[in-house]
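*Asks:* If you want the building blocks of each chain, they are given just below.
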Amino acid sequence: MKLHLKIWRQKDRKSEGKLVDYTLDNVNTHMSFLEMLDTLNEELILKNEEPVEFDHDCREGICGQCGVVINGNAHGPLKNTTTCQLHMREFKDGETILIEPFRAAGFPVKKDLKVDRSAFDRIISSGGYVSVNTGQAPEANTIPVSHEVAEAAFDSAACLGCGACVATCKNGSAALFTAAKITQLAILPQSKEERKQRALRMIWQMDQEGFGHCSNTEACEVECPQGISVLNIARMNYEYNRASFLKFKKK
Amino acid sequence: MKLDAKIPQGPLEDKWSNYKKTARLVNPANRKKLDIIVIGTGLAGSSVAASLGEMGYNVKSFCFQDTPRRAHSVAAQGGVNAAKNYKNDGDSIYRMFVDTLKGGDFRAREANVYRLAECSVNLIDQAVAQGVPFGREYGGYLNNRSFGGVQVSRTFYARGQTGQQLLLGTYQALMRQVDKKTVQLYSSHEMLDLVTIDGKARGVIVRNLETGEIERHAAHAVVLATGGFGKIYYLSTLAMGCNGSAIWRAHKKGAFFASPSWTQIHPTSLPQSGGYQSKLTLMSESLRNDGRIWVPKKADETRVANDIPEDERDYYLERRYPAFGNLAPRDISSRAAKERIDAGHGVGALKNAVYLDFSKAIREQGQAKIAEKYGNLFTMYEKITGINAYKEPMMISPAAHFSMGGLWVDYELMTTVPGLFALGEANFADHGANRLGANSLLQASVDGYFIAPYTIANYLADQIRVGAISTDHPEFEKTEKEVREKLDNLLNIKGTKTVDYFHKKLGKLLYDYCGLARTKEGLEYAIVEIKKLREEFYKDVRIPGESKTMNSELEKAGRVADYLEIGVLMCYDALTREESCGAHFREEYQTEDGEAKRNDEQYQFISAWEWPGGLDQEPILNKEELVFEFVKPTIRSYK
Amino acid sequence: MNTLSRKIVMAATGLFLCLFLLIHCLGNTQLFLEPEQAKLSFNAYSHFMTTNPIVKIISYVLYLSIIGHVVYALIITLKNRKAGGLYKRDNRGRASKWYSRNMGLLGTIVLVFLVTHFANFWYIYRFGEFTAVDANGNKDLFLLVQETFTNLWIVILYVVAMIALCYHLIHGINSGVRSLGLFHPKFVRWINVIGIIYSVVLCVGFALMPLYMYFTQN
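Residue numbers (the UniProt record's numbering), protein chains in the order written: chain A, 1 to 251; chain B, 1 to 639; chain C, 1 to 218.
What the hints contain is simulated information worked out from the structure, not anything from laboratory work. Backbone N, C-alpha and C fix where the C-beta goes; we use that ideal spot for every residue, glycine too. Incorrect hints may have been included.
As the list claims (entries may be wrong) - Beyond 12 Å from chain B on every Cβ pair, some chain A residues (computed): (1) N28; (2) C63; (3) R89; (4) P189; (5) R242; (6) L246.
Unchecked claim - Short derived list, chain A residues pointing at chain C, Cβ under 8 Å: (7) L5; (8) N73; (9) P108; (10) V149; (11) F154; (12) A167; (13) Q190; (14) E193; (15) G210; (16) H213; (17) N216; (18) A219; (19) G227; (20) R235.
Unchecked claim - Straight-line C-alpha distance at most 27 Å; calculated BS3-like pairs for lysine-lysine: (21) K486/B <-> K47/A; (22) K623/B <-> K6/B; (23) K6/A <-> K486/B; (24) K82/C <-> K18/A; (25) K252/B <-> K192/A; (26) K11/A <-> K548/B; (27) K92/A <-> K478/B; (28) K47/A <-> K494/B; (29) K252/B <-> K539/B.
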């Protein structure tokens, strides 16, 4: 099949970017979307042009590194699917595909389709952990965790950190990402001790990074490759209110 | 050179505790005077960096991904083994030790393997305390599943994303230390060379992948936790960025490379469908619990799967290995598939796959039950291939997966370069010639949490007086210059072929001649061909752009340049091991019914390769004899 | 103040206003009585609502809530504009309800309506040249209502505004309780259903009033 591509090209963080047109013949419908970009890059290199920089690594939908906005949707037309798991059979012959980077104030563009998602790292490092040193752990079965709680914790913990939630949110909010981690650790018995402080610190850091407010439009859940529930955000709100309340009471 | 594995004296069960009792320590006040560089942030790298940070050392942690959480440990699906014996099915540390040793076809050190099994117990405790949501029973206690090659249930799991969950646990531990400023994090940085001063590892040269800047970093010890290099086959289950560059460049600085040719080829991956393909997606091995593997009895069959009647199907694993059937170990299943495919029974457009059929299981258990067990895998299969596997069989084929080989390390996980440690898949360590399922997450974590923190301290104990290491040392100067020259050389070739062209060719050569089955002629041919390919690479590769900006092609080129050298060493390694063991199958050495034939008299050793000083010289083979004091090597049979 | 606190202000003021709407709507159902009875009853009620000291205090909370809701909506919208990304082609809307993304627009319609509504009744009743009284001596607000709703344009504005309000409430109630931290899936589902019923009943009720007044007089 033949494709017309419009791809966002931007030299570096400071430069202005623009859409550039490319045409690609002989695209196989079994190709993954990233393999289609590989093919384009091969052609560009041989034509002495600069290839398109895009993020990718595992190409099996788990590392969370890939992610572009395709025709106005984060990770493309399929719901709950990463860009690498999207295949060209989802597109029509002769179609024009517009490819842009994830955009949000919290995700500055580094080059072409690559964005800086280090804000997520800083959110995690501000409290998204259990403070247990190596070697301190008690025997695993001394802390029973019910099947339901373990499964619910897993549902929240499944986040890939790809940032599609932010890209798809009209407010560029990182609520789903932050909430998933707060929720996972809030419901597990092994990290109850840090619950208040974690919620307050992570939310503070999330705001520092320039992410917007959550309007509960629920778009993030739909586009999230792992389908992480928006109720995590409600849980985060609860944890925040609880922590704020208990904090005042202590004073 | 005489290789000393430094295995502690005493009974097998006491070796590790004896070591810990007598290992030297660094006083807490001195720890912050010591710098440690950790390359890689997978399970091994993150866990060792976090553990050392907690202890109070100055740690610098590097990864080429944009965040540590994306290291390829994230992709492991099935689980992690531990001898907890929660199922009360007779498991024990000793039994796990024997299983692992046998699974590795008796080509690993007893003491190391025992320690792995011993520490497995602590790992589960650690992970649970970190909040890893392992599968639980309804009573709230941890659940286990069974995995290939063993007769007990000792595999802990978090649905099909165990690697991800374990990695996030260590990633969070690492980020906690970043917040405490004991660890400095350098994401999007790739190590380009090791700096040695007076024979000791003293630092690294790295490239900032976003800005292209070359940086020097000095330390008292360097830890390589850079994972496997199975991506050398181009088509593999590994991530696109996985590479052997860090360990290869360390190898060229004096670290011995052990058993490079031992690569596990995973039997249940999705087949290649065309030349554009970049990656072979792994389907969890657990599918083999209910799926039956078959090929058409007739070669060059043209009918579709569902039109082939039952009596014209060859369930070759059940036929050849009645005891284990579809659950035969990975190396054996992969080889059996290749045998059928080579004989012309392969299926699919490229005739390179075999069927994995669930129709019997669906008939017996119902589609709902199968969907409950494997629903996510069936969905993934349909996403990638567009085929509904409830209606017709899946097509699978073998794919390069795990590097049992890696940098040679002693019992302390130190390479032959003092102060240079290798952890996880980057070392050759504990899996022998074949790794058992669910042992890779285990080994990486155990190395990082429970072993290296002790052994690195033991090494650093006499480094306190050295003082801070300056990056102005002439060795840094020299190494940086070499790195810059190498990058410039690559950029200046300005040939006519892309990096991927060479990578694909190299991958094909290795898969054909140094893959599932190897022959003397084939390997000799491959050595010549790879060398030719390398020459062509340095004449004709085209890398666009420059070195002072982000340049993915340049990154790839550096990795492929190293692969072209590693590939030759792999072939030498396979060529000189004139026996079949585990994943290493030499066609000349097989039993009458086509099984691997080990030669314990002559090859009961680890091949540790030494860099000869130049590409035109043959690599130098050093042997570490394997001594089996506690377990007698037996013939590995799954019939 | 952080993002979550601002959303809590929005939720708290918004949900308080929802509660007020219910009282307002129930009170106004007196308009549907027999005209003679409606007049006396409605005017007495209006008199009570404007003179009772407790209701007075609550009315100040109400004014503050309206102002707070609007001011915070502005702050949040401005900040969100800065935080969110703009795409050359934007198809993100497929993943969410249009009214959940356009709360600002719906809110503005409601605000325009509110100003008109205040000008039509509240201002005239309180400060205008308004001397008519009913048999009980209460100011004859009912007459004002009758007169106002003879104007078709005002009736149309009221009905349109109620449609906007309805969507605003459907999302607002659902979103507000979650901003306050209700996370249990079962209760969230209930609130969702109750919220929709509440919004529809309320807004239909409100919309019927001008229609009823208009058609009973023409």
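*Asks:* The structure should be examined with respect to each hint, and the outcome stated for every one.
*Replies:* Quick rundown of the hints versus the structure:
Against chain B, the non-interface label of N28/A is violated: not every CB pair exceeds 12 Å, the least being about 6 Å. Listed as outside the interface, C63/A is inconsistent with that label: its C-beta sits roughly 4 Å from the nearest C-beta of chain B, within the 12 Å cut-off. Not every C-beta of chain B lies more than 12 Å from that of R89/A, the closest at about 6 Å, which undercuts listing it as non-interface. Listed as outside the interface, P189/A is inconsistent with that label: its C-beta sits roughly 10 Å from the nearest C-beta of chain B, within the 12 Å cut-off.
Under the 12 Å C-beta cut-off, the non-interface status given to R242/A relative to chain B holds; the minimum distance is some 19 Å. Separation of L246/A from chain B is adequate, the least Cβ-Cβ distance of about 21 Å exceeding the 12 Å criterion. The interface hint given for L5/A is broken, as the beta carbon of that residue sits about 13 Å from the closest beta carbon of chain C, more than 8 Å. Because the smallest distance between the Cβ of N73/A and any Cβ of chain C comes to about 5 Å, under 8 Å, the interface hint for this residue holds.
Because the smallest distance between the Cβ of P108/A and any Cβ of chain C comes to about 11 Å, over 8 Å, the interface hint for this residue is violated. The closest approach between the C-beta of V149/A and any C-beta of chain C is roughly 14 Å, which is over the 8 Å cut-off, so the hint fails. Below 8 Å, beta-carbon pairs count as interface contacts, and F154/A has none with chain C, the closest being about 16 Å; its hint is therefore violated. The interface hint given for A167/A holds, since its Cβ lies 7 Å from the closest Cβ of chain C, which is under the 8 Å cut-off.
Residue-level restraint check for Q190/A is violated (minimum Cβ-Cβ distance to chain C is 20 Å; threshold 8 Å). Checking E193/A against chain C by beta carbon gives a least distance of about 21 Å; that is not within 8 Å, so the hint is violated. A distance limit of 8 Å between C-beta atoms decides the matter here; for G210/A the minimum to chain C is near 6 Å, and the interface restraint holds. Hint on H213/A holds. Least Cβ distance to chain C is approximately 5 Å, under the 8 Å limit.
Contact between N216/A and chain C, as hinted, is supported at the beta carbon level, the nearest pair being about 4 Å apart and thus within 8 Å. Nearest Cβ of chain C to the Cβ of A219/A: about 4 Å, under the 8 Å cut. The hint holds. Annotation: G227/A was flagged as interfacial toward chain C, and the flag is violated, the nearest CB pair being 12 Å apart, outside 8 Å. At a threshold of 8 Å, the smallest CB-CB gap from R235/A to chain C is about 4 Å, leaving the interface hint in force.
With a C-alpha separation of about 24 Å, the suggested pair K486/B and K47/A falls inside the 27 Å cut-off, and the hint holds. Under the criterion of a C-alpha separation no larger than 27 Å, the hint pairing K623/B with K6/B is consistent with the structure, at around 15 Å. The straight-line distance between the Cα atoms of K6/A and K486/B is roughly 35 Å, outside the 27 Å bound, and the hint therefore fails. Pair hint K82/C plus K18/A holds up; C-alpha atoms about 20 Å apart against a cutoff of 27 Å.
Between K252/B and K192/A the alpha-carbon distance is near 49 Å, which puts this suggested pair outside the 27 Å criterion. Simply put, K11/A and K548/B have alpha-carbon atoms about 13 Å apart, close enough for the 27 Å limit, and the pair holds. The straight-line distance between the Cα atoms of K92/A and K478/B is roughly 54 Å, outside the 27 Å bound, and the hint therefore fails. For the hint linking K47/A to K494/B, the alpha-carbon distance of about 12 Å falls within 27 Å, and the restraint holds.
A distance of roughly 22 Å separates the Cα atoms of K252/B and K539/B; the hinted pair therefore holds under the 27 Å criterion.
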